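We have chain A already, so just place chain B on it with the hints.
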Amino acid sequence: MNPWVLAVGLAVVVPLVAVLVLNLGRDPRSVRSPLIGRPAPPFSLTPVGGGAPVSLESLGGRPAVINFWATWCVPCFEEHAALTAAARTFREVQFLGIVYEDEEAATRAFLAERGSSYPSLLDPEGRMAIAYGVFGVPETFFIDGTGRIVEKYVGSLDRGTIATLIARAKGGAP
Amino acid sequence: MIPTLGRTLILLALFAASGGAFVGFATGVRPTEIGWLWTRRLAYTFAALMGLANLAMEYALLTHDFSVSYVAHVGSRSVPIWVSMVSLWSSLEGSILFWGLVMGVYVAAATWQNRDKHSEYMPYAAAVWLLCGAFFSFLLAGPAQPFATVPSPPMDGPGPNALLQNHYLMVIHPPFLYSGYVGMTIPFGLACAALLVGRLGHDFIRPLRNFLLLPWIFLTVAIVLGGWWAYEVLGWGGYWAWDPVENASFLPWLTATAALHSALLVERKGILKGWTATLVIGTYLLTILGTFMTRSGVFNSVHSFTQSAIGPTILVFLAAALILSVVLLTLRIDSLAPEGTLETGPSRDAAFLVQNLLFVLFTFTVLLGTVFPLVVEAARGVQMSVGRPYFDKLSVPIGVALLFVMGVGPALPWGRATSQQLRSALLKPLLTGAAVAVLGFVLDVRNGWTMLALFLGGFAAHVTVSEFLLPVRQRMRSHGEGFLEAFGQAQRRGQRRSAAYVVHAGALLAIVAIGVSSTMGTSKEIQLRAGESTSLGAYTLTFVTAERVSEPHRESIRARMDVTKNGRPLGSLYPSMNQYENQREPIGTPAVRTSLTEDLYLSIHNIDPDSGTVGLLVLVNPMVGWIWIATAVMALGGLLALVPSWRGARASVTATVPVAAANPEGSH
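Residue numbers (my numbering), protein chains in the order written: chain A, 1 to 174; chain B, 1 to 668.
No wet-lab data here; the hints were simulated from the structure.
Everything numeric in this text was worked out from a predicted model, so none of it was measured.
Simulated restraints, written as ranges between beta carbons of each label pair:
#1 A/17 with B/105: 26 to 32 Å
#2 B/344 with A/11: 22 to 28 Å
#3 B/344 with A/18: 33 to 39 Å
#4 B/549 with A/78: 27 to 33 Å
#5 A/38 with B/597: 51 to 57 Å
#6 A/11 with B/571: 55 to 61 Å
#7 B/569 with A/37: 56 to 62 Å
#8 A/103 with B/534: 35 to 41 Å
Just so you know, even glycine gets a beta-carbon here, dropped at the ideal spot from N, CA and C.
Isolated chain A (complex conformation) (with noise of 0.2 Å):
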């Protein structure tokens, strides 16, 4: 028995280990924004297919959960059916789509094919997309009582993590 290797190694060892399993539960998606804690930029969007603009204070104080999406993107294609279910289970919350960089016809022929339990809302010049940072679709946003976000997501959201991320945002545990 070496008792030199075996302390050599352990030191190495132990502390790799120990970071290894400390980052396994992180998700790469879920993205540190600088904007996370920070109040919601302010917006005031017509919502697809015409009515009266949504704007955040016309949110009334509810968590809300902000979903940049398009037609064109696979992941958003994937993810609407979560979203849509996740907004009829949690009344509670306050869904909204947003349309980066695409037409409104094609965005009214996707949710009449696919149906959707919430609006989704028109962002002609980005300029919603570029106060929250958008850099691709899908990005999700969750948003807190207070009107502060919580939590960005890229990438495709499935219902486990929508719930997760909308406790947090309700400020409780999963």
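Just chain B now, kept in the frame of chain A:
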């Protein structure tokens, strides 16, 4: 049908591998002829089952059987046949299946080659291989499940990652990488066997070294293919970014290179046995760490596939392998007693030692830089990355020091050198080095490190060539042979030695080319309208037009750039932007004009055919082409070193058969 068949094959492979590992260990502890026979049979069975499982998947991919979950995930009716074939390794689950195939081939080949040799070690070695094989079978049977059944199969699938279809290098890079990674299992098993037996004899270091050399060649090529792919595809003009996953392939390469050298000292002097075993085991552990890095999603990297249950499973295996290795080394390293002493004065022995320490230092430097962001994130919750400055600052001096050792080491004799020997061995190479450095100065090299690299590169090149030719000159003198005859004879007799110098020639060429290309390049970014020109160095570029090109699987917009150098027309280059059907961002393809002295590299930032404008990144990169050539030289040298062992293996099989028959129990 295929899903059930595939899952059955994987389960049987899991049984064969676990059974073989158990029988192998039992045979190692209590050697019997029948135990070794069954270990071998189970090893071959494992290999055959993995081969069949891969065939089943290929069949499913080619027949578009979307009831197989992996095919539903990456298959598509609209892609060419070759894309369907290589889709096997285009995504996570399939690449683990392919991993199993490579492992099966290696395990079967290593078992077959040593079926009647090294009888005290081999059952242990095969047991370790099959234990690793059992883990990957488990990964395929449980968390990865490429053969899961899709209850209502879709009519068509999305097709593999567009990057795979974008460039042929993406198709050939993974097989090389896996052949490198997986192949390290074999020397790992052999080193564990040596520790378990408590002996690393002169006879056993040969198979250890050869089975280390083969995956080392694959890994060398794979690393450079990865860099080449980045250079030809990603469009930022470089070939290496110290991305965690690039580092993941570089780390085991460093320790394997160190082990190849220390194995020579084991073979020649019977020293550094435990150290060599540690390096070989470390190499394997680093390949598993690399696999974890690419498969877990822990590292934010362009290469990471996705998050899945596969990450945690590999981490458990990695942790277990790390701890078991430390325990094994702690308990058994002292049993590998040295048979000689290490010469510490100026000598070739000492150069080997310095080389080894430099490589280990390099390994720890890269490992620390790769893992450090994770440490910070775990401790303070801040995302950060260790940028290129850290890696560049530390790797440049280490690279230069390696050039120095590569020059001085072979110039020194074994055992202690006298000052007279030192002077005569070092004088002429020093002059060559100085000449190369002066040449560099004339060609406008001003960077201090690059000058030093040129000087040491010239020095090492002189030593390498003269050591390579030394036996030739000796034969010409003593046998009176002509140059060609002496050359042929010397190569035949000392092929491993000459091969090593071929590898060195490639390595020092690569280091110098990397140094020159990373310090002597020029670049500019520019926006051009149709008909406008720009110049960089001796080149003048004219943007003629933006064209749309339509192919079945993609739409491209390419810029036609007419190139002249010193007024002489060189034809046109076509950097392009490609839009794939199911990819949201377009993928650019740079256009590179390679010549022996420098590359002209054009990459598009933005292009608008309607208004006729293009935003371009233009680079002139000197000597990049030499990196690819140098790699080919290194790989060739590695293969040359393997050839005599294959010949030797065949010869010794026929020679040892009667001995083995007379004494079936080996040394027990």
